[in-house]
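Asks: Here are the chains, one letter per residue:
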Amino acid sequence: MDNILSVLVFFPAIAGLLGFVVHKDSARAYGITVAAIEFFLSLWLWFSFDSANAGMQFVEMIPLIPDFGVSYYIGVDGISLFIIIMAALMTLIGMMSMSVTKNIKNMIITLLFLEMTMIGVFVALDAIIFYLFWELSLVPMLYIIGAWGGPLRVYASIKFFLYTFAGSLIMLVGMLFVAYVYHNLTGVWSFAITDWYALVLPVDYQLWLFAAFFFGFAIKVPMFPFHTWLPYAHGQAPTIGSVILAAVLLKMGTYGFVRFSLPMFPDASVMMITPIAVIAIIMIIYTAMVAYAQKDIKQVIAYSSVSHMGIIMLGIFAMNAEGIGGSVFQMLSHGIVSGALFMLVGVIYDRRHTKLMSEFGGLASVMPKYAVIFGIMLMAAVGLPLTIGFVGEFLVLLGFYQISPIMTILAGTSIIIGAIYMLAVYKKSFFGPITNEANKTLKDLDRKETWSLVPLVLIVIWLGIYPKPVLEPIDNSVKAMLVFMDEKAITQEAKDMIRVAKSSKGGV
Amino acid sequence: MENLVYIALFAPFASSMFAALFGMSPRQTFVGIVASSLLFISFVASAILAYHVYSTGTSIHVTMMEWISAGDLTIPFGFLVDQVSVTMMTVVTLVSTVVHIYSIGYMDHDKSFNRFFSYLSAFVFSMMILVMSDNFAGLFIGWEGVGVCSWLLIGFWYHKEDVTREENPSISPSWAANEAFIVNRIADLGMLVGIFIIYWNVGSLQYDVVFADLPNLSSSVLNAAALALFIGAMGKSAQFPLHTWLTDAMEGPTPVSALIHAATMVTAGVFLVIRANPIFSMTPEVSFFIAALGTFVAFFAASMALVNRDLKRIIAFSTLSQLGYMFAAAGLGAYWIALFHLAAHAFFKALLFLGAGNVMHAMDDELDIFKMGGLKKAMKWTYIYMGLASLALAGIPVFAGFFSKDAIIETAFNEGTYVLWAILVITAGMTAFYSFRQVFLTFHGDERYKEAGIHPHEMYKFVLIAMSPLAVLAVIAGFFMGGFQEFVTKLLPNYEMSHHTHELIWYLTAIVLVFAIGGIWLAYKKYAKGLKRDEKLENSFVYKLLANQYYIPNFYEAFITKPYAMISEMMWKNVDMKIVDATVDGIAKLIYKSGDGSRKMQTGNLSNYLNWMAIGAVLLLVVAALSAMLG
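Chain order of the listed sequences is U and P. FYI, in the numbering used here the residues of the first sequence are 3 to 510. FYI, in the numbering used here the residues of the second sequence are 412 to 1042.
Quick caveat, the hints were computed from the structure, so don't treat them as lab data. On a predicted model such as this, the values are computed, not experimentally measured, just so you know. Warning: the hint list may mix true and false statements.
Said to hold, decoys possible - For lysine to aspartate or glutamate, the following DMTMM-like pairs were computed, each having C-alpha atoms within a straight-line distance of at most 25 Å: (1) P:Lys973 x P:Glu578; (2) U:Lys297 x P:Glu980; (3) U:Lys430 x P:Glu578; (4) U:Lys430 x P:Glu577; (5) U:Lys297 x U:Asp446; (6) P:Lys571 x U:Asp446; (7) P:Lys984 x U:Asp298; (8) P:Lys782 x P:Glu869; (9) U:Lys504 x U:Asp52; (10) U:Lys430 x U:Asp448; (11) U:Lys445 x P:Glu572; (12) U:Lys371 x P:Asp519; (13) U:Lys442 x P:Glu968; (14) U:Lys429 x P:Glu968; (15) P:Lys571 x U:Glu439.
The following block holds chain P by itself, in its conformation from the complex:
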């Protein structure tokens, strides 16, 4: 079994290195094929491990070698395959394999095809380290690794120029990449602080040691550690106020958005909270904060998705919103439900993004859904896939999202946090509305794309086939909820609805469904027949507020980015040059000038010299007298 752990972990690494060998040579299809095969191997290994963990109920722990050892700190490269990590491994490698195969078709015409696969596989490798590590420092390796890969992949089309925010809200791929990296770094500082707190209070960073030692820690230490770790999670999972980078990250190629910015990397924050659940279970205040923030983000992001016109940005906002749901569940103590929604979401959201990629491919990279419409004729399979994914996202029964999201909403009710419950229910309606607004505007109604002279075509067949596992899972994943609960709650604390909630379950479900179906119905009424633009609505304050993301990016630019640049400039020109350096030169000049001035004493005139001698003698006498008086 140990070998399988290494195979699962290092197959993506091998894939990345293999593709990197061809990184600077022209496009080679076999690079994509080899990379996808290696990813598939990693998936198979993960699946076998999952079965092993499932059937034996034991976890596998391997230690490869020592990494850092200084003072009393020892950090190994250790990997832990248990119920939680194996779930993540399977989900990550499955989605990754699909996305790799998909990319062979999607990146077909890109001259940097090989480089793309190298980055993509490197990402999977980092993600595997993140989920498999047996200690916080190892998690941080993966944490930063996925950050760099995300930076590389968002900025993949680095040659594009910066444009104004009005023209493109993300400015340019390289700008968006830097934004993502820097915002994540802010959160990473929080994460590091969390690691430091744990180390100085426990003396180790190994999960098992830390979790076993938690009862000995004071509640202030626990709260500080939990909060610091959660700040780290807020960056990777793009929670308010560190959320702006995620929508800008849509500048990356669409397979990247599907894999990194929907299915895997952005869920790392949720994973962290689940992984460190012993800490969070002991800090109810921090946990409630997580749930409240998650609920807020769910609503907040969904509201922005309501009016957006950019196909990928709508899905990105919905990702943000669903991450909010996951945090709500995790914060309320329903860790296994959060993990289940994480997995289900990975399937249908990746499917949705890949579908969006097909649309982009067909539409010559046009993303404005106002310029699409009626695509279902030309792209039947894409339509079906995106429709299924949207049904799952909207939480319509039998689809995966219904089970997972409904469970989260019920949890909010069960915990007696009715405000959170109400917000989550309303958000479910909004989710259904924006998902189907997008589906109807893209696939139904008048064929607005004809104005631009675009001839849409369906994606390659092998790509469509590659997407099918995700479609199947988006439909059926929900049925495995009971088995999943049994499996992961061997490790995670179980969470069951109370008797009271159980009695009301049908009413609760019905309320959520009313909202979800209502949302779809509203979208149908407004958009299925075609696009009728409402000038008055579009010019209203609320619409503009939402369309401009509450002006938060503008706010950050005006109050953080620009002042930082200005202060930096001032520090350099005014402080460093005019004060610090000028003082140094001033002292040097003073010495030089005094030397130059006193040179005049050397007149060669004896009587002058005698005068100076007299002055000197008097001075010395004064000094001597003073010191005699003082001493």
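Only chain U is shown next, with the shape it has when bound in the complex:
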């Protein structure tokens, strides 16, 4: 199956179209089946993936507009492989746990379209195709928040849409400019990212282009101070929306930095290490403090996402294999853990129709299973060793230490302040006596909830103890990228900062 990637991209979309003729009572089962098949296909992709090969695999290329060098060009490497699998997994688990009953058919179809756009973004090797999927992904999410959200849903969804859209437009200008420069230098048009990689740009061009791409990615991540759309979006979105948003959509931004900014603008990236690291540290500390001040559990998790994305940003700009590899791993880890945490918040919201911590207290006595799973995810979120959360965070901090010990110590406070807000949430919700009558009769996790959460718990522990199957392909691709960046860099400063691992096998 050479065109497995195309299948992965379009199968959910075609199934979504067919979904219109499915009866609404069986829509849910239909959706889960499609998502399960998609997930198994993504696993199949993993098994046929050659871990030793650091380059692009399963490449497909069909010229679309040959005159302008636009083609349907897709492929996958160690960096994107697991994000794709995670997108498929979280869509499946999200659907399994979904408690939405209103317009269920529309929801399922929307989710399947969303899945297409998500996977599309991560397989795209042509900038135009990338941009198409990138923007298309906004539409289903706009609809999910706007149609199934809370009281402020319209404000939140429009804010989400316009804000990220504005950033993407600047990125589009950047892309067009790169293509223009490429045309000037080579005489042909091309939007293929791999062609763009070969382009050695002068430093001032790199800086401008870095800035243009930065706006598109930074708003998506979201980086401080562009993050304020996120709490609204999470606050208003239904559980399933928050799960997908936190687990996958945010990763598009950080993935963009790894896929575009680093290899295309290595000198600019090195020059921007300090500014980006400062923003990342602000994200880590400032939003962790804001998270601590929240009264609503979901808002705590929402702000904690920003804080964790700060760690990921820091790792990307560590310019060594430890940091970048850790960062990519942390994207997966954050996807699984924050997704699970949003699902867990959904569990209590379904029962009590409130997310305010002051309404809870003592839940551990009435919902022990819920408390255990929440506890495990909490520990993964604060980066406990032998959970998935440790590996990435450790590698990122380790990697960045080489750039700046002081900034690493500042960023490392995340292990303290992360514990502060997370333990506060746990204490306020689960510990103490049950003071609220309404909590005394709460039911523990039901079968549906248990079956959707347990796999995530298993992944959290499995990849915490044995991250190798995932880390190895990531590491190979990251090392190759660093070798390539080092060769391509034109300034001495960049050549000094980009650290090629001794164990690298060679360029792309």
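Could you slot chain P onto chain U? The hints should help.
Replies: Coordinates of chain P only, in the frame set by chain U:
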């Protein structure tokens, strides 16, 4: 032998998982029995390994599998059984086995009996990883693992409500648990930084590689690494200023206090310094800092124990103080003496805590020693055990503490650090005083408990029997000091007293003994006959200062906890909402308003349109002219 390593390591894990299976079902005695048996198996395996290491003089190194591998970093799950780790393994599993059996009796009436065993065994497993790991990252797994287990166990009675600090200095179990976790995390950051320094300078985290490469490192790197690692040790071993969590941790069930907050986990910091002794031996400044801080903490903690009324808190302060002694020894280079005191302390302190548990059990969870007295009649064996443990703690000859603590005090003299020596000697007197103040107030004098209508009863017999190994060791462990020295100094640098010290040894011992016996005598005079409260003393400034732990918890609350909450609130409401978000919305509004405003241009009136066109043309001309001039 490899299999024994895995058995010693994974038997506690199996125990934890087994108990977890029954975690949500009602109390089952067999869960406790199975867990204790598995722990005993782990102890036997450790003991055989200890014998193996002792008789052959070789260490066993196993690598299970690779854990993390990225860039040039490779971290395996590797375990090392050598003289140091096998000592720790034996001590940990021995005390753990006793505490497990003890808990079957102590947690008898608790509905979360099964859950308790699951946590307790998980703790032992983490502790074993900590001591057995062959690299710094593996040590960190155990380090964090024991932290989480400690969090779970301190907060074991999570359903209790928060109360004011006046009512209960620890506020609530869940509060104390969170405090312990967060304070430890502060120190863990130091530890992580230490790991990073080592990795970027050596390229590996394996002990053997790192220690072999130390001579190639600059002294600033070594100092930074040593200091960072020690900051990590300060958290786990509750050294000033990160000490407040340890006394609050007494909110946990008493077996937990005995195992985690006395015998094992809190000594992890000392273990780290001993394990990484090649680094610390090369950094005399950092080592002296460790010794000085240790000595200070020994005195500082003992002073707070002098006036405390809470049975468990007194013992907790004494743990703190003894940890200070261990750091003093390790900082002065007497690593093997530190390790010996660590082991001896584990035995008699665990015994003391378990005895305290018996008293609590008898007194319906009352902890105020002012409300006890005369318990020796009802609780003869507990009295004997606690008496023995207190004699050992006070450093009275033939008991274990005499040998180990005296050696530390002599080391301070031997190193010529006479100030440290003097403080440690005075502290020894204070230790004797507060230990026996507690023994006399609890077991001697008038039976004040009768006022509360409590009918104390002795603990179950099997529990008392289970405690006996600790009692025996608290008495005899000291006699093995010579053999122990020979055993561990195959790995650790040997430390011998100089000729000069040797000549004075009898005088030195006599001075310490005068202080120790003086302390006991003073306690006897004041408290053995009964409690006579001295209002004037209790209202004096010094007494209040000590009773309130130098107001350090209040200080932390006023200057760290509360401001942090306040700033967080401000960051959210004022900065995030009013500045960052308002700017975004402001820009959006501006665009909207300008669109709305310029809409008025569309009047449909041709002459208006012509006017606008003229204005536009002029503007464009100006732009063109300007760019022509500039370009």
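Asks: With reference to the structure, classify each hint as holding or not holding.
Replies: Status of each hint after checking the structure:
For a cut-off of 25 Å, the pair hint linking Lys973 of chain P to Glu578 of chain P stands: about 20 Å separates their Cα positions. Restraint check for Lys297 of chain U and Glu980 of chain P: satisfied, since their Cα atoms lie roughly 10 Å apart, inside the 25 Å limit. Between Lys430 of chain U and Glu578 of chain P the CA atoms are separated by roughly 20 Å; this keeps the pair inside 25 Å, and the hint holds. Under the criterion of a C-alpha separation no larger than 25 Å, the hint pairing Lys430 of chain U with Glu577 of chain P is consistent with the structure, at around 21 Å.
Proposed proximity of Lys297 of chain U and Asp446 of chain U is supported: the alpha carbons are some 23 Å apart, at most 25 Å. Only pairs whose Cα atoms come within 25 Å are accepted, and Lys571 of chain P paired with Asp446 of chain U is accepted, the gap being roughly 21 Å. Simply put, Lys984 of chain P and Asp298 of chain U have alpha-carbon atoms about 14 Å apart, close enough for the 25 Å limit, and the pair holds. With a CA separation close to 18 Å, the supplied pair Lys782 of chain P and Glu869 of chain P stays within the 25 Å bound.
Between the alpha carbons of Lys504 of chain U and Asp52 of chain U the distance comes to roughly 22 Å, so the proposed pair stays at or under 25 Å and holds. In summary, the hint linking Lys430 of chain U to Asp448 of chain U is supported, as the alpha carbons are separated by about 23 Å, within the 25 Å threshold. Between the alpha carbons of Lys445 of chain U and Glu572 of chain P the distance comes to roughly 23 Å, so the proposed pair stays at or under 25 Å and holds. Between Lys371 of chain U and Asp519 of chain P, the direct Cα distance comes to roughly 24 Å. Compliance with the 25 Å bound is thereby established for this hinted pair.
The suggested pairing of Lys442 of chain U with Glu968 of chain P is violated, with an alpha-carbon distance near 33 Å, which exceeds 25 Å. Between Lys429 of chain U and Glu968 of chain P the CA atoms are separated by roughly 18 Å; this keeps the pair inside 25 Å, and the hint holds. Note on Lys571 of chain P and Glu439 of chain U: the hinted pairing holds, with a Cα-Cα distance of about 17 Å set against a maximum of 25 Å.
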